[in-house]
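Peer 1: As a plain string of letters, each chain reads:
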Amino acid sequence: MATYLEFIQQNEERDGVRFSWNVWPSSRLEATRMVVPLACLLTPLKERPDLPPVQYEPVLCSRPTCKAVLNPLCQVDYRAKLWACNFCFQRNQFPPAYGGISEVNQPAELMPQFSTIEYVIQRGAQSPLIFLYVVDTCLEEDDLQALKESLQMSLSLLPPDALVGLITFGRMVQVHELSCEGISKSYVFRGTKDLTAKQIQDMLGLTKPAMPMQQARPAQPQEHPFASSRFLQPVHKIDMNLTDLLGELQRDPWPVTQGKRPLRSTGVALSIAVGLLEGTFPNTGARIMLFTGGPPTQGPGMVVGDELKIPIRSWHDIEKDNARFMKKATKHYEMLANRTAANGHCIDIYACALDQTGLLEMKCCANLTGGYMVMGDSFNTSLFKQTFQRIFTKDFNGDFRMAFGATLDVKTSRELKIAGAIGPCVSLNVKGPCVSENELGVGGTSQWKICGLDPTSTLGIYFEVVNQHNTPIPQGGRGAIQFVTHYQHSSTQRRIRVTTIARNWADVQSQLRHIEAAFDQEAAAVLMARLGVFRAESEEGPDVLRWLDRQLIRLCQKFGQYNKEDPTSFRLSDSFSLYPQFMFHLRRSPFLQVFNNSPDSSYYRHHFARQDLTQSLIMIQPILYSYSFHGPPEPVLLDSSSILADRILLMDTFFQIVIYLGETIAQWRKAGYQDMPEYENFKHLLQAPLDDAQEILQARFPMPRYINTEHGGSQARFLLSKVNPSQTHNNLYAWGQETGAPILTDDVSLQVFMDHLKKLAVSSAC
Amino acid sequence: MEPTMAQYQAISKHLPKVCQEPHLPRGHLQPQQHRLLVARLHMASLAKEMYRMGQAPRFRCKGPPTSLASASGSFPNSGLYGSYPQGQAPPLSQAQGHPGIQTPQRSAPSQASSFTPPASGGPRLPSMTGPLLPGQSFGGPSVSQPNHVSSPPPQALPPGTQMSGPLGPLPPMHSPQQPGYQPQQNGSFGPARGPQPNYGSPYPAAPTFGSQPGPPQPLPPKRLDPDAIPSPIQVIEDDRNNRGTEPFVTGVRGQVPPLVTTNFLVKDQGNASPRYIRCTSYNIPCTSDMAKQAQVPLAAVIKPLARLPPEEASPYVVDHGESGPLRCNRCKAYMCPFMQFVEGGRRFQCCFCSCINDVPPQYFQHLDHTGKRVDAYDRPELSLGSYEFLATVDYCKNNKFPSPPAFIFMIDVSYNAIRTGLVRLLCEELKSLLDFLPREGGAEESAIRVGFVTYNKVLHFYNVKSSLAQPQMMVVSDVADMFVPLLDGFLVNVNESRAVISSLLDQIPEMFADTRETETVFVPVIQAGMEALKAAECAGKLFLFHTSLPIAEAPGKLKNRDDRKLINTDKEKTLFQPQTGAYQTLAKECVAQGCCVDLFLFPNQYVDVATLSVVPQLTGGSVYKYACFQVENDQERFLSDLRRDVQKVVGFDAVMRVRTSTGIRAVDFFGAFYMSNTTDVELAGLDGDKTVTVEFKHDDRLNEDSGALLQCALLYTSCAGQRRLRIHNLALNCCTQLADLYRNCETDTLINYMAKFAYRGVLNSPVKAVRDTLVTQCAQILACYRKNCASPSSAGQLILPECMKLLPVYLNCVLKSDVLQPGAEVTTDDRAYVRQLVTSMDVAETNVFFYPRLLPLTKSPIESTTEPPAVRASEERLSNGDIYLLENGLNLFLWVGASIQQGVVQSLFSVSSFSQITSGLGVLPVLDNPLSKKVRGLIDSLRAQRSRYMKLIVVKQEDKLEMLFKHFLVEDKSLSGGASYVDFLCHMHKEIRQLLS
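So the protein sequences, as listed, match chains D and W.
Residue 49 in our numbering is what sits at position 49 of the first sequence, and the numbering runs on without skipping anything.
Residue 547 in our numbering is what sits at position 547 of the second sequence, and the numbering runs on without skipping anything.
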């Protein structure tokens with residue numbers, strides 16, 4: 001089995017791909033009986049320091065419906081200078097440039113180690129990256145100050161030739177002109193009025209001026225290639241101006257009377273930002289970065305009215321259909337998101353407020369365009385500051401870790417069809433022979449648009465085996481999938497990354513063991529979780545849970561070893577053993593549970609749908625480390641029994657890092673032992689989790705919320721809500737006192753869950 | 001040509017017999033009598049009644065009131081005015097035939113002696129205490145004097161020829177060389193009465209006038225001597241001489257104040273100064289029947305915030321403390337000197353509604369033996385005609401004391417405005433002008449805040465907050481749905497934000513220097529200003545500098561609808577009406593916010609002043625128009641107007657209410673304001689130049705003893721943001737005799753009212769109908785006098801009441817003004833502009849506007865410092881060897897005669913000959929010689945008298961520009977068909993006679 005683990009890891013490192021099944025069931029029927037669909041997690045731009053891009057263009061299959069890229073799996077006739085497409089079997093002539101190839105003189109794309117290869121396209125005009133800041137001014141003074149500083153700082157991080165723009169909003173929306181000397185100019189819009197893209201462009205004076213202008217001054221168009229240059233200027237030209245401008249930025253001056261929320265025109269501001277870029281730089285990499293400190297309270301896209309006495313919608317309201325603005329607002333933001341996606345731009349949302357900010361309604365802006373979503377308590381926190389800074393980090397080549405306007409094109413061999421994708425993408429609606437009629441996630445297409453992505457952006461892509469049972473695939477046959485990602489690199493180059501993978505087909509009847517062994521339970525858990533979360537967007541929570549449970553039971557029935565009606569006999573093989581536990585934690589996670597979560601926790605779903613496998617797993621099942629005098633730090637069970645008085649716990653839930661001091665440790669610290677020289681080892685013990693937490697904090701995007709708490713601390717709830725409640729007030733005495741901390745909950749524990757699962761799996765009733 | 005005093009006296013000796021009685025028994029003129037008289041061609045003498053000025057009701061009629069018959073042969077059917085007592089023999093000698101009068105039929109000259117020139121108010125002249133009579137302009141009844149008027153008997157006329165259509169062929173310009181009149185020209189007097197087929201029938205006796213040949217017989221044209229008809233100049237001069245020396249004391253009820261052209265001081269002793277209120281009559285009929293009979297409009301022209309000369313104190317401010325001004329409980333009239341304290345001072349009876357009110361304890365004061373409060377002279381509200389109360393919070397909007405008002409400058413920066421240099425000029429000027437914002441009393445610095453907006457088809461707001469390093473510009477393109485993009489920093493204190501403002505004003509011309517935007521919006525601009533004031537919760541004034549027709553897509557978008565073909569059609573009125581209702585709606589909102597709009601227009605072509613001026617008009621603002629603005633030519637005028645306008649003391653967010661004593665009530669209002677109900681005049685802004693004309697009607701009988709009282713209360717916010725009430729009180733006499741009414745009228749005020757009435761009429765009726773109405777009303781007024789007040793005399797005599805003898809000449813000026821009878825060169829915009837200007841003019845302004853002042857420059861000795869005596873506005877009065885200044889409050893001409901002395905040319909223009917003078921010159925060179933200094937000094941002093949800067953135009957005799965100048969010679973026939981004074985007088989006489997018969 002170790003070999004499979006290695007294989008999986010190797011594949012992930014090389015191609016950024018993890019399949020739920022690494023040996024594929026060879027018939028449609030069998031595949032459906034496997035419960036977990038054939039699917040993969042694809043990280044299209046996985047960082048490959050060892051993969052220099054080639055400076056030429058890919059060779060494409062000449063069949064118009066195929067256009068697959070030449071890859072190591074193709075059969076090549078070196079003498080005839082022909083190659084056969086491994087997807088459609090079309091025989092293609094090599095282009096003239098390939099005249100010199102031979103078995104010993106192969107282009108890179110034919111070498112097996114280049115199953116993933118990146119091409120640089122030289123054609124086409126390169127346009128600079130665009131960053132459009134959309135800034136809420138209805139903030140508290142210190143919040144605004146912090147935000148201003150962050151923005152000013154970011155100017156120094158941007159590529160010098162990148163174009164920047166600034167839109168501020170509050171009661172009104174202001175589009176700032178950046179090129180003016182002596183006077184700062186801005187265009188102001190009412191925050192309550194929805195404007196069409198055309199109106200916005202007219203009002204900003206972006207529409208091409210009429211004829212007389214051209215006659216009058218033929219020289220002018222050359223001076224200003226873009227009418228938009230007034231609003232979007234290269235950083236190096238106007239960083240001083242913009243720094244001053246940001247410096248002078250005032251809080252929204254309109255008075256907010258007692259009992260009112262400030263009027264915040266987020267919907268219109270976004271609409272204008274979208275319209276501005278749409279009119280000026282369509283299909284060029286651009287980020288709209290929305291910084292907001294509260295819910296939109298007026299105009300299109302308003303989430304809540306300005307009366308404070310009416311609270312913002314809760315899940316309860318939504319279930320009761322009492323959220324009166326939600327549908328309209330969601331529709332507004334969806335419309336914007338779709339337009340933005342169509343233009344190849346992305347929208348980031350940085351929402352920092354103690355209360356909700358309407359992320360539920362706005363989520364699609366980030367979700368559909370591949371933008372970031374960051375949620376914090378205040379702009380004046382390191383969470384925001386560092387997260388924001390981290391957006392502009394550079395990779396080993398000195399390039400920004402961001403790419404724009406990508407399209408992902410998936411090609412499959414004939415036995416497979418594409419069912420859909422789940423991730424920060426929108427469908428391009430490209431129907432083709434390899435598109436399945438059954439949709440999983442965003443389906444009905446073989447191409448998706450990902451407007452913004454970074455090296456960790458990961459899509460779940462779902463397939464359907466369509467090979468019929470009665471047309472067996474010959475022994476040793478392999479299915480192939482090619483992922484072609486066109487994107488704009490942060491260096492503004494257009495690039496194409498091509499990943500071609502192949503897996504063996506296996507007959508389920510005869511080779512079930514192989515298939516079982518090649519099951520990647522981690523990938524499967526994440527892929528199933530994505531499906532569940534995707535469903536939860538449109539279905540009732542309990543239905544989704546029920547669906548997940550049924551899938552789990554069916555999987556256990558299929559792959560477990562047991563005697564009928566005998567739960568105690570139930571066993572799962574190693575490759576499946578962790579899967580039920582993942583599902584247990586997934587059921588409890590904020591991704592599927594609305595209880596105790598605000599509607600804005602769609603933030604968590606957002607990240608879940610785009611992070612890579614490792615991070616996703618952490619989100620599903622947080623990691624818990626224990627620090628004690630008894631030995632080096634060790635990972636422990638995410639279980640209440642791990643909460644011991646003489647331990648320090650470090651929990652990483654991806655969104656939070658919690659350091660929890662056990663009761664005794666907390667008392668020691670309170671007594672100040674760490675300051676006494678003779679207890680230096682205690683001091684070190686206290687320090688160790690802090691150091692480890694820092695390490696995680698440094699690497700993670702977005703930066704997690706950092707919580708340092710102790711036994712009995714109010715923030716300990718973050719830990720207590722995550723651990724498996726093996727000890728509760730219900731069974732406390734049964735378990736004895738020393739072995740952990742009871743959790744006051746009625747939730748079932750993992751043990752109970754597993755017992756039920758076993759019972760159901762072995763029951764013939766199901 | 002003016003008659004000398006000696007001449008007057010000489011004449012007066014002749015005339016005592018003319019009319020014995022000032023009051024004629026009604027109906028004394030029997031038709032037969034009339035008919036008999038008609039035939040005679042008499043010299044007319046103007047009725048004249050004398051009385052000691054304003055003293056009590058005992059008007060002494062010195063001698064027979066003069067009846068001056070004016071005559072005109074030009075009207076075949078116009079009556080002539082016999083100066084002979086009835087029954088006297090018919091014409092002495094027709095043979096005397098005055099060559100001056102031409103009638104196609106023939107003329108029957110009558111004796112000349114009775115023809116009077118302008119009669120002066122005899123008793124006012126100490127030297128003329130005798131039965132002063134209208135003098136003739138030339139001594140004695142010399143036959144050669146052209147002051148006889150002969151008129152053919154009307155019946156002799158074939159009906160068809162009496163009148164041509166009102167729009168008949170334009171008569172040629174009346175020139176001295178051409179003494180004749182065309183009979184047709186009387187047609188140009190508005191009333192199209194048609195041929196009046198029955199006219200002839202009442203006069204079957206025509207043939208009895210043997211001397212009169214039949215109509216076909218042509219006679220050498222004769223004309224009426226212009227000197228023989230009432231002269232405005234003479235009247236003005238006389239009033240100046242008689243009443244300009246002593247202060248006018250307002251203590252007595254019903255006194256007629258001196259004319260507006262007279263310089264006099266006022267002492268407030270209980271009635272409002274005539275600078276605040278002037279009435280058409282100071283003695284009003286007791287009953288509505290009388291009023292109807294007389295047809296004299298009862299109106300007051302009120303200028304509540306009039307500026308006073310430095311010698312007169314501005315109204316005292318009275319503070320009645322927390323309880324607010326003391327008022328009548330029933331009619332809410334404010335405490336005033338006419339209130340009667342009773343019951344030992346514990347109560348007072350309201351002089352307006354007779355309600356008995358308690359005197360609040362803190363206001364109690366004992367009465368003296370005459371029933372007056374002993375503190376009456378310590379309290380302005382008990383002793384003065386005009387004073388102010390401090391208003392309490394109850395008088396404020398939303399029960400909150402107002403914040404200081406704001407000025408917002410809104411500058412058109414479209415291509416036209418930039419090209420003409422306007423924007424640069426304006427910005428440069430504003431920098432210094434902002435230091436002179438109006439201040440209250442001794443305040444160090446003005447409380448007024450300022451804001452700036454520029455616009456073309458979008459609006460640019462500016463944040464000029466003092467803490468900013470540089471101004472911020474905010475563009476609002478959403479003109480369809482205007483809003484104010486900023487709150488803080490838009491309206492600022494000038495001193496605090498001086499640096500930012502100055503930097504802004506420097507940059508505005510630069511920023512738009514390359515603009516190519518030609519389209520502008522208008523309504524959204526005002527809306528923006530109004531919204532800004534609303535957001536700042538204050539009243540204020542917008543100064544709008546606008547260049548072109550707002551054709552950009554926005555509310556209030558206009559199209560060019562100028563169509564000269566509509567003139568003289570029923571649709572002509574549409575030219576004066578606004579194109580869309582958006583402007584009225586906006587104006588209404590502005591008024592509600594106390595947002596006054598001053599509009600400066602700089603059009604190159606039609607801008608639809610009629611529509612654009614709606615908002616300024618309804619908000620109490622002003623409109624200034626500079627057609628084809630060029631910095632070089634118009635800078636001076638614009639800047640001077642701008643400075644004056646900005647520095648003007650203004651009251652904001654004002655409501656004016658006129659209360660009257662029982663018996664009359666204010667029914668109609670004219671001026672620049674808005675009314676949402678029938679009683680309250682709402683003024684978003686009111687400055688010292690704006691007047692409101694109020695018309696009164698009877699609703700009950702008045703009492704001669706108690707008279708009639710007016711109280712005008714103006715609630716307003718001062719420049720410093722103080723809420724105040726200004727009260728003006730005026731007591732008038734009431735009469736049961738019509739003669740008293742006619743004796744106490746003021747023609748200038750009457751003309752003010754009639755012009756405003758007519759100018760409003762053109763909105764709803766065809767212009768011709770409006771003119772007819774005026775003529776008819778005037779005829780009725782005069783006919784009523786003739787019938788009821790004048791001594792029995794020949795029907796052929798035109799007898800005018802002394803106080804109204806100028807009514808015909810002035811009315812004629814109104815009738816032929818640009819609005820009512822436009823010439824070919826007068827644009828639709830000009831007409832709309834003038835129309836709206838006149839609406840808020842005061843009496844002095846209308847007076848000079850309709851009858852311009854024409855001043856000869858070289859006649860009087862060069863050393864004299866006073867203004868030279870004016871001459872009548874007629875080309876005949878111009879001597880080609882002289883130079884004249886003509887002004888009407890808006891225009892200023894310097895006319896140079898062709899045979900002017902070379903020395904004068906040299907010393908004024910610094911060129912050697914007449915031909916070298918540049919025609920159309922706008923400034924006189926600054927030369928160091930007495931004449932140049934004097935003329936320039938005179939020009940300056942004329943300008944200083946007017947509320948708008950008058951641009952000088954030098955006109956040379958016989959030059960093309962002279963046409964323009966001649967337009968203002970209002971006694972002459974005008975090119976557009978307006979009648980000459982003489983013709984009109986004849987026409988008027990005809991009308992009167994018709995009424996009398």
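Incorrect hints may have been included.
Said to hold, decoys possible - Just the calculated beta-carbon pair ranges, DEER-fashion:
id : chain 1 : residue 1 : chain 2 : residue 2 : range
1  : D       : Asn322    : W       : Asp435    : 52 to 62 angstroms
2  : D       : Glu141    : W       : Asp668    : 28 to 38 angstroms
3  : D       : Gly247    : W       : Asp435    : 27 to 37 angstroms
4  : D       : Gly247    : W       : Glu825    : 51 to 61 angstroms
5  : D       : Gly247    : W       : Val649    : 53 to 63 angstroms
6  : W       : Val649    : D       : Glu141    : 39 to 49 angstroms
7  : D       : Thr614    : W       : Lys534    : 55 to 65 angstroms
8  : D       : Asn322    : W       : Lys534    : 55 to 65 angstroms
9  : W       : Ala443    : D       : Asn322    : 27 to 37 angstroms
10 : W       : Asp680    : D       : Glu141    : 39 to 49 angstroms
11 : W       : Asp319    : D       : Glu141    : 53 to 63 angstroms
12 : D       : Asn322    : W       : Asp668    : 57 to 67 angstroms
13 : W       : Lys534    : D       : Gln698    : 24 to 34 angstroms
14 : W       : Phe401    : D       : Glu140    : 24 to 34 angstroms
What the hints assert, rightly or not - Negatives, chain W to chain D, calculated, CB over 12 angstroms:
id : residue
15 : Asp358
16 : Leu390
17 : Arg760
Think of the hints as simulated: they come from the structure by calculation, not from any bench.
Quick caveat, the model's predicted, so the values are computed rather than measured.
Even for Gly, the Cβ is constructed at its ideal location relative to N, Cα and C.
Peer 1: If a hint holds in the structure, say so; if it doesn't, say that too.
Peer 2: So, going through the hints one by one against the coordinates:
About 60 angstroms separates the C-beta atoms of Asn322(D) and Asp435(W), a value consistent with the hinted range of 52 to 62 angstroms. A hinted range of 28 to 38 angstroms for the beta carbons of Glu141(D) and Asp668(W) is inconsistent with their spacing of about 58 angstroms. At roughly 31 angstroms, the beta carbons of Gly247(D) and Asp435(W) sit within the given window of 27 to 37 angstroms. A beta carbon spacing of about 59 angstroms between Gly247(D) and Glu825(W) agrees with the range 51 to 61 angstroms that was offered as a hint.
Between Gly247(D) and Val649(W) the Cβ separation comes to about 42 angstroms, which falls outside the hinted range of 53 to 63 angstroms. For Val649(W) paired with Glu141(D), a C-beta distance near 42 angstroms keeps the hint of 39 to 49 angstroms intact. For the pair Thr614(D) and Lys534(W), the supplied restraint of 55 to 65 angstroms holds, since their beta-carbon distance comes to about 59 angstroms. At about 36 angstroms, the CB distance of Asn322(D) to Lys534(W) disagrees with the hint of 55 to 65 angstroms.
At about 58 angstroms, the beta-carbon gap between Ala443(W) and Asn322(D) misses the expected band of 27 to 37 angstroms. Judged by the Cβ atoms, the range 39 to 49 angstroms given for Asp680(W) and Glu141(D) holds: they are separated by roughly 47 angstroms. Taking 53 to 63 angstroms as the suggested C-beta distance range, the pair Asp319(W) and Glu141(D) does not conform, at roughly 43 angstroms. At about 59 angstroms, the CB distance of Asn322(D) to Asp668(W) agrees with the hint of 57 to 67 angstroms.
Our hint of 24 to 34 angstroms for Lys534(W) and Gln698(D) is violated, since their Cβ atoms are close to 54 angstroms apart. Remark: the range hint 24 to 34 angstroms for Phe401(W) to Glu140(D) is upheld by a beta-carbon distance near 33 angstroms. Against chain D, the non-interface label of Asp358(W) holds: every CB pair exceeds 12 angstroms, the least being about 43 angstroms. A cut-off of 12 angstroms between C-beta atoms confirms that Leu390(W) is not in contact with chain D; the least separation is 30 angstroms.
No Cβ of chain D comes within 12 angstroms of the Cβ of Arg760(W); the nearest lies about 39 angstroms off, and the non-interface call holds.
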